[in-house]
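Chains as they are written, first to last, in the numbering used here: chain A, 1 to 325; chain B, 1 to 393; chain C, 1 to 556.
Heads up, a few of these hints could be off.
[As the list claims (entries may be wrong)] Cross-link-like lysine-lysine pairs, in silico, BS3-like; alpha carbons within 27 Å at most:
(1) B:120 x C:502
(2) C:77 x C:160
(3) C:450 x B:120
[To be verified] Listed next, the stretches of chain A that the computed footprint assigns to chain B, with coverage defined by at least 3 CB atoms under 8 Å from CB atoms of chain B:
(4) 131-145
(5) 249-259
(6) 273-283
(7) 286-292
It is worth saying that the hints were derived from the structure and are not from the lab. We put the beta carbon where it would ideally sit given N, CA and C, even for glycine.
Each chain, letter by letter, is given below.
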Amino acid sequence: MSGYWARRTGSALLVLGLVLVLNFVLFRMMPGDPVASIIDPNFSPEAKARLSEVYGLDRPLPVQFLRYVRSTLTFDFGISFLTGRPVVEELKSRLPNTVMLLGTSLVLSSLIGTWLGMKAALKRGSLLEKCVLWSGALSFSFPSFFVQLVLLMAFAAALPLFPLRGTLSVPPPAGGLPLLLDYLWHMALPVFSLVLLGFGGWALYVRNLMVKILGEDFILLARARGLPERNIILGHAFRTLLPPLLTIFLLSLPGIVSGAVITETVFSLHGVGRFLLEAVTGHDYPAAGASFFLLALLTVSCNLLSDLLYGLTDPRVRMERGGGR
Amino acid sequence: MKGLLKRWSFWCLLVLAALALFGTRLFDALPEAEVAAPFSKPLWLDRSLPPTMDLELSGGHPAAELDWVFGAPSRFSLRVETALPAPSRFVEWTIPGGKTFRLTPLNRGVELDGRDIAFKRSLGLPPFGDASSALFPERGTYRIGLSGEGEWEGSVKIRLEGGRWGLLGTDQRGRDIAALFVAGIRVSLLVGIFATLLATFLGTSLGLAAGYRGGWTDAVIMRAVDLLLSIPLLPILMALAALWGKGLWQLILILSVFSWMGTARTVRALTLTLRDAQYIEDLRGLGAPAGYILRRHLLPETLPVLLATMTLGVPGAILSEAGLSFLGLSDPRVISWGRMLHEAQSFGAFTAGAWWMLLPPGLGIALLCLVFLDLGKYLEERVDPRLRGGNVL
Amino acid sequence: MRKSLFALFLSAVLLALCSAPRAEASFDPEAFAGPKIQDLYLVIIRDPDAQLLALDRGKVDILGDLHRPVDVDALSKNPAVDLSLASGFHGFFLGFNVRTFPWNSLELRRSAWQALPRERMVRDLFAGYAEPLATFLPPVSPYFEPDVTAYPHDPEAARKRLAGAGWTWGSDGVLVSPDGRKIPPQKLLCPTASTAPTTAEIAVRMAEALTAIGIPVQAEPMDFSTMISRLDERDFQMYVLAWQMTRDPDSLYAFYSSKMDIRGGYNMPGISDPALDEVLDRLRFAPDETAARAAASEAQKLLSDLVPVVPVYSRYTISAVSKQWKGTLVTDRVTADNTWSLLAMEPASGPMRPLYLVQADEPRALNPFTSSSAYDWQVLGLIYDSLIAVDPYTLETIPWLAESWTIGTEAGPAGPRTVLTFRLREGVEWHDGKPLTAADAAFTYETLKKNAVPRYFDNVDNIDTVETPDDRTLKVTMKNVSFWHLHRVGGISILPRHVIEKVNDWRSWLPASEKHPSDPGLTGIVGTGPFVFREYRPGEYVRLSGNERFWLGRKR
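Produce the entire structure from the sequences given, and follow the hints as far as they go.
In structure tokens:
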């Protein structure tokens with residue numbers, strides 16, 4: 001078995017290495033550098049040359065690549081071109097908001113979705129099941145930014161119930177509880193929109209999975225043995241549900257980062273997603289490279305974790321996959 | 001097949017496809033053309049706004065009176081066309097109550113508009129807002145005329161724009177939203193279908209190769225799958241769009257390059273199981289070349305699954321394109337629904353209260369996705385009967 | 001009847017007197033005193049809709065720069081808000097590659113100027129909120145020369161001019177030069193519509209207008225830095241570019257002198273005219289104001305004849321202030337959120353309360369050495385002072401940290417050179433209480449020069465030596481003679497020596513996150529200005545407090 005782990009881990013590291021190279025190449029290929037965009041009659045040719053020197057853009061490419069690898073592996077990430085501050089500082093100030101946003105919405109939508117999905121699987125053909133099926137389809141089909149824009153227009157612009165932007169009021173209230181409440185009030189609409197868009201998919205997936213599980217032989221056996229329904233559901237069925245559910249939870253983590261980009265743009269939140277968008281459009285190599293690398297790290301880790309989890313819990317899989325994926 | 005005809009999504013798709021192909025003929029102008037004032041409301045929305053009117057004064061008809069029963073027009077523009085200028089004569093505008101404004105002398109090539117700050121200053125108005133609200137302060141009788149007496153060869157053309165247009169109004173550049181909406185169907189369908197087709201083609205070929213050949217081919221392809229799956233989709237799309245994305249076909253290419261992995265895995269799994277089937281072994285024993293086996297036997301086995309996955313993949317492509325366009329990363333010359341939403345948000349639909357700009361594109365995207373989801377479900381059911389029953393879509 | 005007419009007349013006169021900008025009356029900075037506001041919040045709101053809503057709901061009081069016409073129109077109908085319009089030094093130009101055919105033809109360039117429908121473009125793309133520009137310096141420039149050659153919009157006249165110069169039209173409508181060369185299709189480089197939508201649209205319209213008189217032009221949108229590289233490599237035919245000029249006209253040298261037709265230089269058209277070069281040299285190295293004015297005037301006249309580029313429009317800056325505040329200073333050259341306003345503003349009624357100003361984007365590093373974005377300087381400009389300031393009505397130089405100065409010329413080893421002697425004010429204190437001396441200014445200039453800090457490169461490059469004969473006198477000896485040295489040197493923000501000398505690496509210095517060694521309410525950002533930096537909360541706001549010890553207007 002250790003061979004399997006070693007193979008998977010080795011594979012993950014290889015992928016990370018390739019991502020590093022891809023990162024560097026991609027952003028160097030992007031047309032133009034930040035110095036070239038400075039058009040200011042007060043910036044003489046000499047001043048521009050000096051700026052290029054300061055940014056280290058006049059060094060040859062291999063040197064730049066080595067610097068890049070070294071700084072990435074030490075999580076140094078360099079200094080952002082756009083803000084002049086270290087990228088780590090920028091990420092530090094933005095990470096809490098993004099984690100809060102994505103974490104809360106993921107937890108809430110998975111909990112609500114799982115509960116609804118289970119209920120729907122148990123009551124086949126009911127109105128609840130129909131609603132769950134429709135909500136799954138709708139939450140997938142409606143583009144997230146559209147739902148968010150509509151919510152914003154309705155509940156922040158037309159009816160001033162929620163703030164239109166940001167994570168805190170200006171000035172923020174002093175003290176622990178009022179500050180927390182202010183923060184929650186600002187996060188309410190973004191989180192609500194993400195949960196609204198997310199729970200449908202979960203509910204649908206859980207319902208389908210639950211339907212399959214409930215049709216399995218071991219459930220029939222348990223029923224035949226006369227075990228109480230509640231035990232069957234919460235005990236056997238749910239326990240079987242858990243591993244794939246956890247796997248999906250882990251696998252969906254990297255995906256919702258894309259959701260962060262859009263949500264943070266619509267609600268003007270100070271987060272990592274919007275930082276990434278600005279870095280990419282602003283040719284800010286250090287910032288964009290750092291964000292990409294971290295995202296890739298997150299994705300690879302989640303994939304690895306979910307693979308390991310899957311391998312742990314389902315012995316059939318391990319046997320089948322003896323030849324490597 | 002009969003089951004297909006019974007599904008609402010099939011008919012919906014037909015209507016949308018028809019609109020995509022022939023819809024632009026319903027409109028006089030091109031979708032990009034400016035047809036009316038920006039942020040004009042739909043015709044059915046606000047009855048107090050005046051209709052668009054054209055007036056003409058000439059030497060023979062030097063004056064006109066208007067019985068105005070509406071609110072102020074959204075735009076006022078005036079043009080003087082003459083070969084013989086008469087600078088001592090003016091166009092005069094009288095509002096109810098008697099106050100008269102001198103708009104312009106009758107010079108050659110005069111073009112005035114309520115938005116020109118120079119014009120507003122000449123009337124003594126502050127430079128903000130459109131002059132038409134000052135020129136039409138209330139309901140009543142208005143008079144426009146040429147001062148002075150005598151013959152004059154030429155004409156003064158005045159245009160009053162109402163601020164209403166069409167089925168869905170206009171956007172921030174005065175383009176007909178209904179026309180843009182119809183044009184957007186084409187883009188969404190193109191992107192959705194072609195990106196998925198390309199991705200399926202890529203995924204199938206690579207999956208077949210990996211599954212059938214095994215060994216190094218398999219290892220390399222699966223590494224590539226892992227690599228591409230580790231790259232978060234939206235960020236890489238953002239970077240590539242910023243790099244190359246100017247153009248619809250580049251976008252389709254980029255989208256397909258990042259969506260073939262799932263298909264490849266499924267096809268490879270299927271190929272692996274089928275590869276060791278008895279009849280395939282027999283064929284190999286008889287000396288059939290790999291290409292023949294793949295084409296004639298393995299591929300047809302995968303087709304039903306492929307069709308279903310493909311149909312379910314279309315909404316994904318449409319949503320990815322919409323997301324990119326919304327973030328502003330798509331080609332602005334390509335009219336897509338995501339782009340319409342981006343422009344609505346950036347150019348002030350909120351401030352102008354123009355909800356008619358926001359709802360149609362979003363609902364359109366959702367509708368198209370639902371249509372393909374439903375069709376995909378139908379195809380999936382045909383392939384895998386276990387999923388039938390209790391399914392209402 | 002007569003009484004009411006008289007009353008009307010009187011009130012009209014009074015109104016006229018009150019509302020006209022007091023260009024003739026002199027502006028007295030000494031009439032101002034330290035800020036009345038105690039707390040100033042620069043609220044970071046990037047989304048224009050959110051900015052407007054915040055202003056509407058009273059969450060912010062000043063919105064300094066409205067971009068979208070729809071916002072201006074919406075606010076013009078809002079009775080609780082005052083709008084003001086300021087002309088600026090922004091200039092948008094259509095450029096040609098004057099080195100090659102067909103743009104080496106003067107008459108063709110002049111006809112192109114006449115073919116452009118400026119008013120219509122401004123009207124359609126900015127809803128009228130921009131100024132059609134027909135001169136090489138904007139009208140608000142103190143050196144503006146009105147008596148220049150004009151080319152009003154008239155496509156017919158353009159055609160006549162071309163015909164008169166010997167051009168003909170082919171059967172496909174394309175112009176053919178007098179010596180029989182047909183104009184090949186021209187590409188007009190412009191930024192993409194995603195980065196600059198209005199610019200891309202203007203380019204398309206200009207291409208259409210020029211094609212209509214026979215010049216086949218097509219807009220070619222491209223990534224901005226790629227475009228600049230193409231311009232640098234002189235690989236272009238036509239382009240559009242916007243500049244932010246300053247009140248000093250010596251930027252004309254950077255744009256139109258043939259010496260600036262080098263890599264990284266801004267003479268992209270490649271105009272090379274000996275008479276123009278001579279005038280621009282005189283402008284750049286003008287010894288005094290008279291010479292500067294004469295040279296500027298001549299330069300503009302020559303440029304309007306030579307037409308190396310065609311000016312198109314200049315942006316207005318429109319700002320909005322809530323009527324709940326009074327004391328705002330508004331002129332047609334500065335926006336409502338200028339320093340003078342912030343010094344004098346107070347609530348129209350009720351007790352003093354914090355003032356909320358909109359900042360349209362995050363300040364970046366808040367490092368006076370490296371910060372180049374306007375968002376940083378919106379903050380830093382309130383904290384640091386320079387030796388001179390600018391009159392908001394006339395744009396002339398007025399004393400600031402320096403209460404007086406002399407400009408002399410002395411003979412030097414390499415020729416005559418300018419000597420600037422500044423006399424600093426008495427009693428100016430840094431925000432941490434230490435007194436300002438000439439040594440601070442000297443140290444600032446020397447540090448910038450020693451480290452070749454890019455942003456100040458051109459300001460300090462020409463400084464030869466800096467001396468401080470006493471605590472209040474600063475003597476700066478330049479390397480050559482130029483009237484503009486005063487502005488270049490006098491406009492640098494003075495930094496505190498006792499803080500800067502402890503900074504190891506000016507590149508990575510983040511003063512906003514550093515604690516001040518002795519004062520817990522301060523950070524590494526210490527200045528002498530009217531506001532004191534207190535806090536920066538990324539994504540939310542920057543908090544400043546009024547400087548109670550501000551030197552302006554203090555009675556002793």
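Status of the hints after comparison with the structure:
1. Restraint check for residue 120 of chain B and residue 502 of chain C: not satisfied, since their Cα atoms lie roughly 57 Å apart, outside the 27 Å limit.
2. A C-alpha spacing of about 46 Å is found between residue 77 of chain C and residue 160 of chain C, which places the hinted pair above 27 Å, so the restraint is violated.
3. Distance check on the hinted pair: residue 450 of chain C and residue 120 of chain B sit about 53 Å apart at the alpha-carbon level, beyond 27 Å; violated.
4. A count of 10 residues in the region 131-145 of chain A with a Cβ less than 8 Å from any Cβ of chain B is obtained; the coverage claim is therefore met, three being the minimum.
5. Residues of the region 249-259 of chain A with a Cβ under 8 Å from some Cβ of chain B number 4, which satisfies the need for three, so the listed coverage holds.
6. Check result for the region 273-283 of chain A against chain B: holds, 4 residues qualifying (beta carbon to beta carbon below 8 Å, three or more required).
7. For a cut-off of 8 Å, the count of residues in the region 286-292 of chain A with a CB near a CB of chain B stands at 3, and the three-residue condition holds.
Violated hints for the displayed structure, listed by number in ascending order: 1, 2 and 3.
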